[in-house]
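Chains as they are written, first to last, in our numbering: chain A, 1 to 253; chain B, 254 to 405.
These aren't lab readings, by the way, just hints derived from the structure by calculation. Note that this is a predicted model, so its numbers are computed, not measured. Glycine is no exception: its CB is placed at the ideal position from the N, C-alpha and C atoms. Honestly, I wouldn't trust all of these hints.
Residues on chain A that point at chain B, a partial pick, calculated with CB under 7 Å [as the list claims (entries may be wrong)]:
id: 1; residue: 38
id: 2; residue: 47
id: 3; residue: 49
id: 4; residue: 50
id: 5; residue: 128
id: 6; residue: 136
id: 7; residue: 138
id: 8; residue: 217
id: 9; residue: 218
id: 10; residue: 221
id: 11; residue: 222
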Amino acid sequence: MSTADPYFDFLCRMGDNTLILGHRVSEWCGHSPVLEEDIALANIALDLIGQTQMWLGLAAEVEGKGRTADDLAMLRDVWDFRSALIVEQPNGDFGQTLMRQFLFDTWHLLMLQGLTKSCEPRVAEIAAKAVKEVMYHVERSGDTVIGLGDGTEESHTKIQAALDLMWPYVGELFTPDAVDEAMLAAGIAPDLTEMRKTFEAQVSAVMAEATLTIPDSRFAHKGGKSGFQHTEHLGHLLTNMQWLQRAYPGANW
Amino acid sequence: MNPDIAQVWEWLDQVPDPEIPVISIVDLGIVRGVVWDGDTLEVAVTPTYSGCPATSIISFDIETAMIDRGIKNTRIKTQLAPPWTTDWLSDKGRAKLEEHGIAPPRTTGGPERCPLCKSENVTRISQFGSTPCKAQWRCTDCLEPFDYFKCI
Ligand SMILES: [Zn+2]
Chain A
1 MSTADPYFDF
11 LCRMGDNTLI
21 LGHRVSEWCG
31 HSPVLEEDIA
41 LANIALDLIG
51 QTQMWLGLAA
61 EVEGKGRTAD
71 DLAMLRDVWD
81 FRSALIVEQP
91 NGDFGQTLMR
101 QFLFDTWHLL
111 MLQGLTKSCE
121 PRVAEIAAKA
131 VKEVMYHVER
141 SGDTVIGLGD
151 GTEESHTKIQ
161 AALDLMWPYV
171 GELFTPDAVD
181 EAMLAAGIAP
191 DLTEMRKTFE
201 AQVSAVMAEA
211 TLTIPDSRFA
221 HKGGKSGFQH
231 TEHLGHLLTN
241 MQWLQRAYPG
251 ANW
Chain B
254 MNPDIAQVWE
264 WLDQVPDPEI
274 PVISIVDLGI
284 VRGVVWDGDT
294 LEVAVTPTYS
304 GCPATSIISF
314 DIETAMIDRG
324 IKNTRIKTQL
334 APPWTTDWLS
344 DKGRAKLEEH
354 GIAPPRTTGG
364 PERCPLCKSE
374 NVTRISQFGS
384 TPCKAQWRCT
394 DCLEPFDYFK
404 CI
């Protein structure tokens, strides 16, 4: 995959984040602790996969090589994925899944709100559609994090461990690289450094209510959105997600 | 001669929503425009939720319904902007939803009353339901759970 066009890369980042997290969340389908949670997770996965269709559809158009959203999703290998490391992390326990979701949702909502003002009308349109769905996601993941944090001793311990585990994956979302800088300069995407301030205020408020402690470290794992170094988990996820198209190329229904 | 546009809207109003067949796709507010382009009918449709699996079925149902009325060429145009809102649900559609046991959306974010016994004592179970457009609520009088068509 060419990385010469930062706009194409940026669209892949948006679409790959929603695709990989959507797939991860869908792994809960039929396995959640209670029926309502199962339904909620399945719905959120569905929204994310729907948003993927729009982002990767536009990416494929921008690339202009005749590929489709499906080609990008099903026929690229690990090193061509531009998703942040946080979304490929395994589901772990329910608290880990919800903490990953809350941190991502909070970033996602701020990103989409910024993108509704994009000077690229197609980007603004997709963001305006997705922002309405993501408002429901963050409301739920935030409420659940508070419920688990300010819950029993066991739920508190587990969700605090989830926060400690996930926190080092937050930095990548907000550390601008050449692609982010090009998008900011072009008026396509918002300023990540500014976004981080709002993110930290919002996350701190929820964690305080949840009686959880944010780790006192800014250490950040990197390499997902650049595609330089994904964790081992992405390869395993793709093996599962792509196997049908790999085993039966062009299979359709 | 092409059938006139008002007639076409009437026909479209007879195409049921695949997930909630008591209301039509026009009631749902997802048909955003109908125009003739030569002898091709162009119907602009907006998705409800971006991942709604009913979207492709709706396009297919529209084409089939138009063929049944003698319109051979229909083109479905997906229109993302402005994004769909539950404000576009028709009054007829809202009344039919309630009759069917689904509380219609309200801007306050919750149902006005239980669609079954009409009690106003209702409580939320989950913001997510059996389809992307619904939330789960419960009546604290008749104790029945019910779907609420959530605002978006
Ligand atoms: Zn009732």
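I'd like to know which numbered hints this structure contradicts. Please list them from smallest to largest.
Hints 1, 7, 8, 9, 10 and 11 are the ones this structure does not satisfy, whereas the remaining hints hold.
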